[in-house]
Amino acid sequence: MIPISYFLILSAVLFALGMVAFFVKKDLITMFMAIEIMLNAANLAFITLAKSASSLNGQVIVFFVITVAAAEASVGLAIILLIFKQKKSVKTEDISLMKG
Amino acid sequence: MSDIFWLIPFVPALSALILAVFGTKLPKKYISYQACGAVLISFGISIISFIGLLQTPQQNYPLVKNLFTWIHAGLFKANLSLQFDPLSAVMALVVSLVGFLIHVYSVGYMAEDKGYSRYFTYLNLFTFSMLLLVMASNIVLMFVGWEGVGLCSYLLIGFWFEKHSAATAGKKAFLVNRIGDAAFLLGILFIFIHIGSGEFTAIHQAVGGGAVTQGVATLIAILLFIGATGKSAQIPLYVWLPDAMEGPTPVSALIHAATMVTAGVYMVSRLNSLYAFSAAAAEIVALVGALTAVYAATMALVQNDIKRVLAYSTISQIGYMFIGCGVGAYTAGMFHLYTHAFFKSLLFLAAGSVMHALSGELDMKKMGGLKKYLPLTYPTFLVGAIAIAGVPFFSGFFSKDAILTSAFAKGEYFIWALGIAGAVLTAFYIFRLIFLTFHGKERMKPQVKEHIHESPPVMTIPLIILAFFSFGAGYIGLPAVLGQKLNVFNQFLKLGGHEAHISMGIEWLLILISIAVAFTGIFLAYMFYILKPYVPSMMASKYPRLYKVLYNKYYVDEFYNAAFVNSTIKGSELIYNHFDLKVIDGAVNGTASSTNFSGKILSYFQSGLIKDYALVFLLGVVIFIGYLLF
Amino acid sequence: MAYTLFFLLSIVCIGSIIGMIATKNQVYNAYLLVLAFASMGGLFALLQAPFIAAVQIIIYAGAILVLFIFVIMMINLRQGLPPEKKKWTYYFSGGIAAVLAGELILSLKGTFSIEPSAPMENFGSPTRIGRLLFTEYLYPFEITSVLILAAIVGAIVLVKKREKK
Amino acid sequence: MTFPLLSLITFLPLAGSVLLIFIPKEKRASLLYLALIFSLITFIVSLFLFFNFNGHTADPQFVEKAPWIGYGINYHIGIDGISLFLILLTTFLFPIAILSSWNYIQSRVKEYLIFILMLETGIIGVFVSLNLFLFYVFWEAMLIPMYFLIGTWGGPRRIYATLKFVLFTMLGSLLMLVAIFSLYSLYFKASGTYSFNIFDFHNLMLSSNMQIWLFLAFALAFAIKVPMFPFHTWLPDAHVQAPTAGSVILAAVLLKMGAYGFLRFALPIFPQAVEKFLPLLAILSLIGIIYGGLMALIQKDAKSLVAYSSVSHMGLIMLAVFSLNLESIEGAIYQMINHGLSTGALFLCVGILYERAHTRLIKDFGGVSKQMPVFAAFFLICILSSVGLPGLNGFVGEILCIFGVFKANQVLAILGVSTVILAAGYLLWMYQRIMHGPLEKKKILSFKDMNIREIIYFVPIIIMMFWLGIYPQMFLRKMDVSVQHLLNQMAQKEKILTQNPKDPSIKNQLIPKSLEKEHHKNKKKEEKTL
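These protein sequence lines are chains W, C, H and V, in that order. Going by the numbering used here, the letters in the first sequence line up with residues 16 to 115, in that order. Going by the numbering used here, the letters in the second sequence line up with residues 10 to 639, in that order. Going by the numbering used here, the letters in the third sequence line up with residues 397 to 561, in that order. Going by the numbering used here, the letters in the fourth sequence line up with residues 112 to 641, in that order.
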């Protein structure tokens with residue numbers, strides 16, 4: 016069988032890649048996608064450890080994560096749409112209301 | 010009946026209260042009846058109480074009426090209690106009698122004034138305060154009267170407050186008095202700390218019983234005396250009194266001549282055991298008195314303002330009273346106080362009558378030859394002048410002589426010499442005043458001359474009564490050479506202190522010197538101002554510097570202004586602008602602005618961009634995980 | 397066989413993410429993401445999680461990505477975005493991500509020696525997961541359903557056009 | 112359960128402000144009358160306190176205790192001879208403050224009155240709290256209405272002034288909060304029970320090091336409030352900018368909270384630290400007296416003149432508080448009432464002038480007496496009361512304060528007496544420049560004398576000034592036992608510390624029971640002797 020460390024390393028690499036994607040992209044939508052990648056990387060780690068621990072709890076948690084991700088995506092995308100309506104842009108540089 | 014004396018001060022107080030609240034709505038006639046009536050009632054009660062006092066055996070002195078405990082906390086206890094003993098009785102009689110006469114006089118003098126009710130409110134209030142001062146049985150209550158008369162003096166000097174000079178003079182009087190009062194207050198505190206009670210009987214007992222050391226007694230005596238120099242206008246705090254002449258003339262007569270300014274003398278006499286105990290303090294009192302007596306008299310020589318001459322004369326005469334107290338002759342000091350009250354208020358009221366006749370003119374250079382226009386004012390004025398000059402058989406002679414004799418007898422020859430010098434000057438300046446005003450050429454402006462008229466009877470009758478007293482008041486205190494028994498005043502007061510005795514011969518000699526001195530002064534004045542009227546101006550041009558210094562009152566006012574008033578104000582401004590606003594407030598505002606500045610710097614980190622925040626967050630995570638790993 | 401499958405799937409997954417980083421076009425990004433999620437589903441299946449694998453493909457690859465594509469179409473950016481001004485953030489973030497990856501891998505050191513456990517009967521089957529969900533995880537499960545409802549309502553309210561007063 | 116008199120007094124104004132919310136803001140007159148009635152009722156009810164107060168015991172009276180949050184945080188209120196008069200002063204002045212703003216406040220009357228009444232509750236709350244936590248809540252709560260009063264209805268530089276005032280006060284009170292919680296935890300360690308009760312803290316013995324730090328935190332908060340030199344600069348700004356009623360309350364009551372804090376907390380809880388810092392505090396107070404006087408002398412704005420005079424007067428009060436003897440502390444409490452009356456009245460006077468002239472610069476006046484004779488009389492009486500003329504209230508307090516200080520340290524007293532001269536100087540000079548002299552400014556010719564409303568609110572103050580000046584017995588006797596108790600408490604802790612200075616067992620502990628018994632015996636004795 017494949018050692019679990021392979022999966023875990025893969026998960027770490029995916030997480031880092033997601034992070035890179037988050038910083039490199041500058042439109043909100045793709046950044047949002049990058050977040051999903053990171054979520055998935057975490058999911059992978061959960062599933063792996065569930066298997067090595069022979070416990071289904073990990074899988075259930077992943078199930079919940081996916082559900083929450085779906086909810087989050089729907090609201091998040093709605094917000095992005097709203098921002099676009101107001102600013103006519105989805106670039107992060109244009110959204111700096113919090114500037115001090 | 011003997012315990013109704015406590016009502017004496019409160020009758021005028023009640024009247025003042027009524028006038029203060031309803032005064033503006035009452036008719037003038039009523040106001041004058043009430044105000045004068047209240048003081049007359051006080052005088053009446055004083056006489057009744059005085060008779061009662063005479064019938065009381067002496068071991069029961071003083072009669073004390075304790076109304077209620079006033080202030081009490083811990084060791085500090087002051088009662089609202091009044092006492093009546095010979096000293097208080099004399100003062101109460103003088104104050105209420107002179108006060109009454111001046112009230113009556115004021116009815117005429119102030120008849121046209123808009124502030125009629127206000128004037129009588131203040132005057133009644135003053136009478137109350139003064140009576141409280143002289144009848145208080147403890148020093149704290151005495152301080153109430155002490156401050157109260159100061160307040161009334163302030164109010165009455167500044168009575169015509171629209172006049173800038175009057176308002177300033179009032180303030181000056183109050184402030185200078187306050188300086189003295191601060192010292193007085195400290196004296197009170199020392200008394201409470203070392204004696205434990207402010208009651209006069211307790212103080213006498215403590216001093217007599219040796220409960221206080223010489224040093225403490227001296228300290229207390231000097232502090233209280235500083236208070237007295239303020240109230241009684243002695244060196245160095247006399248500067249307010251000449252300016253106080255801005256007030257209405259009856260006020261000058263009552264407050265700034267007859268009664269209030271003598272409060273210091275009364276205080277020293279009241280605490281005679283203290284001053285008798287402390288030789289150093291007594292010496293200082295005598296010396297200050299003597300110096301003031303001469304010093305003030307020199308300034309009186311050249312003044313042209315009729316009231317200012319009298320003001321300096323008052324300062325000088327009070328100096329004599331302090332000589333008396335300082336050399337241990339408290340009775341003599343009090344005696345002079347008593348005679349002075351009559352003749353000085355007479356002089357002031359007569360001067361007021363002159364002013365009244367001349368439509369308010371004060372400058373003696375614009376008077377002269379008034380003798381024939383003012384048939385009543387002139388003789389009364391003359392009586393007062395003779396009394397103050399020390400001509401025999403008039404009251405001033407007896408009292409001044411008693412003081413000088415005591416000083417000589419005590420061996421204080423220097424002080425005696427100063428007193429004699431002062432006496433020459435006194436006789437000179439007062440007759441200079443008489444000659445310039447009533448004799449010689451008529452120098453009035455023509456339009457003033459047309460209106461010259463004698464004052465109404467309501468003003469002249471008090472003058473006549475006072476003239477009578479100025480002449481006769483001295484006969485209750487005849488010199489010892491005529492027999493000890495004859496000095497009723499002395500017998501009655503029985504103040505402590507050691508009155509030294511000298512041989513009859515020397516005493517007669519001293520009396521003769523006094524008489525000679527008085528006539529010398531009068532003669533000099535006669536020569537200068539009647540026989541050779543050109544001499545004074547010649548002298549002035551010959552010694553311009555001396556004249557200028559005298560005329561400008563030794564520049565003391567200017568010096569005080571520069572040294573104390575202006576330097577304080579300038580210094581405060583400097584502190585305010587450079588310390589309060591810059592340093593303290595600067596520190597406060599600096600804290601605020603530095604916070605603001607660092608906030609601005611920090612706000613650069615808040616770019617508002619999600620990525621920057623995320624990057625910082627990531628950095629944190631990396632560092633945190635790194636920390637966990639290693 | 398399992399190794400081959402694992403490496404194949406990982407390479408597809410990593411490759412599609414790298415491709416996503418490299419391409420600018422948002423639609424391509426979305427398609428590449430579908431690929432990555434699908435391969436992730438395969439990996440889940442390898443780990444005896446058939447139910448989750450199915451959910452992964454249906455929800456992620458199916459529902460969420462479709463949502464993304466809808467939004468991309470609605471926003472419809474014709475021209476690609478201009479190049480990033482701050483180049484240094486690329487390198488900086490890349491560097492930090494590399495450090496993070498290194499740290500994560502380092503932290504996995506302890507798992508290298510763990511022997512893989514033998515596959516178990518019915519381990520990730522829908523039946524067992526379903527049973528768990530409706531017994532032990534009933535409350536969280538119900539709360540998720542409320543959450544989703546809230547998200548639906550929220551999304552509608554947010555995007556709905558407001559009538560001007 | 113007795114009738115909750117104190118709670119009624121404390122929360123009646125708050126109830127009034129709640130009621131005001133429901134009245135439409137257009138009904139100006141009914142708003143004003145309602146607020147006035149509520150403050151008047153509060154005053155009348157508080158008179159019951161005065162007449163039913165038992166001056167023969169040091170125990171707190173009218174005590175009410177109810178659980179609140181728990182962990183020692185209770186609703187625990189009561190008064191003793193120290194706080195009684197400050198409460199009366201507060202309830203006395205609030206109707207006057209409301210009357211004084213009758214015409215002055217033109218905009219947002221409703222909000223104004225709501226804040227005024229809230230402020231009254233806050234202030235009374237501070238004085239009645241016997242629970243330190245509750246005290247802190249009121250202490251801070253009172254800032255909020257004051258903030259709005261100055262910030263909304265103030266002068267042109269009101270924002271600056273409010274910020275300064277609030278930040279200054281906050282700075283002190285935050286440190287105090289830290290100290291309060293340290294005390295709380297120390298008490299828990301020493302006794303094993305949670306308590307914020309002030310009297311429990313009074314029984315707490317602290318190591319001298321701990322005392323110093325906690326005392327400094329408390330002292331800073333109180334010193335800012337008083338304000339003592341050099342923390343005084345917020346005061347002139349706040350006063351000048353505040354509306355008249357705000358100034359009156361600020362000067363008359365708020366400043367007293369600092370002095371009250373020292374008496375209630377700082378002195379009995381940290382006697383050793385007080386001993387240590389006494390020279391510093393006394394000298395700062397003395398500087399405050401002279402410095403405030405000198406600064407007042409040269410102010411161009413009448414209001415800031417009065418404000419600096421407050422600094423000077425409060426300096427004397429603090430000096431008396433730190434003299435730690437019966438006379439000085441009774442004098443200090445008495446002088447607090449006097450200062451409240453006379454300075455409050457002076458601010459009212461300046462307010463009356465401002466309403467007519469719309470300026471407060473002294474040089475814009477002159478000869479006002481002629482136009483306003485009644486006002487001139489009132490103004491003069493207030494000034495004389497502030498100057499400390501015998502027969503008026505100021506003298507009684509002043510002489511007791513100075514006497515107490517004199518007992519403690521003669522040099523300080525001799526220097527402190529300068530206040531007698533300085534106060535007369537700056538106040539009479541101001542009076543002369545405003546009221547006397549020729550009437551040159553045309554604007555003054557249009558001034559009207561005080562109207563009935565103004566006379567109505569002035570007369571009670573004047574009557575109180577005379578009453579307090581002529582018959583102080585009625586007030587002084589109610590303080591005796593409480594003040595003596597305070598001093599005994601301090602002396603007793605001092606005794607324990609000096610008996611075994613090196614004993615490690617007296618670190619942060621409760622006063623031993625045996626001593627407490629002795630203490631009670633002392634207390635009985637006090638009650639008998641006084």
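Everything labelled a hint here was simulated from the structure, so no lab data went into it. You may find that some hints are simply not true.
Stated by the list, open to error - Subject to a maximum C-alpha distance of 27 Å in a straight line, what follows is the list of computed DSSO-like cross-link-like pairs (lysine-lysine):
#, chain 1, residue 1, chain 2, residue 2
1, C, K123, V, K554
2, W, K41, H, K505
3, C, K86, V, K589
4, W, K102, H, K420
5, C, K620, C, K172
6, V, K554, C, K579
7, C, K375, W, K106
8, V, K553, C, K123
9, H, K483, C, K620
10, V, K559, C, K172
11, C, K579, V, K411
12, C, K375, C, K503
13, H, K420, C, K620
14, V, K387, C, K172
15, C, K34, V, K481
16, H, K505, W, K103
Tested hints:
With a C-alpha separation of about 23 Å, the suggested pairing of C:K123 with V:K554 holds against the 27 Å cut-off. Under the criterion of a C-alpha separation no larger than 27 Å, the hint pairing W:K41 with H:K505 is inconsistent with the structure, at around 35 Å. For the given pair, C:K86 sits about 16 Å from V:K589 by alpha-carbon distance, which is consistent with the 27 Å threshold. A distance of roughly 21 Å separates the Cα atoms of W:K102 and H:K420; the hinted pair therefore holds under the 27 Å criterion.
With a C-alpha separation of about 78 Å, the suggested pair C:K620 and C:K172 falls outside the 27 Å cut-off, and the hint is violated. Restraint check: the Cα-Cα separation between V:K554 and C:K579 comes to about 31 Å, which exceeds 27 Å; the hinted pair is violated. Under the criterion of a C-alpha separation no larger than 27 Å, the hint pairing C:K375 with W:K106 is inconsistent with the structure, at around 99 Å. For the proposed pair V:K553 and C:K123, the alpha carbon gap of about 22 Å is at most 27 Å, so the pair holds.
The suggested pairing of H:K483 with C:K620 holds, with an alpha-carbon distance near 13 Å, which does not exceed 27 Å. Distance check on the hinted pair: V:K559 and C:K172 sit about 22 Å apart at the alpha-carbon level, within 27 Å; holds. In summary, the hint linking C:K579 to V:K411 is supported, as the alpha carbons are separated by about 14 Å, within the 27 Å threshold. At roughly 48 Å between alpha-carbon atoms, C:K375 and C:K503 are farther apart than 27 Å, so this suggested pair is violated.
Proximity of H:K420 to C:K620 is assessed by CA-CA distance (about 18 Å); at most 27 Å being required, the pair is judged to hold. Restraint check for V:K387 and C:K172: the C-alpha separation of about 54 Å exceeds 27 Å, so the hint is violated. Our distance criterion of 27 Å between C-alpha atoms is met by C:K34 and V:K481, whose separation comes to about 17 Å. For a cut-off of 27 Å, the pair hint linking H:K505 to W:K103 is broken: about 48 Å separates their Cα positions.
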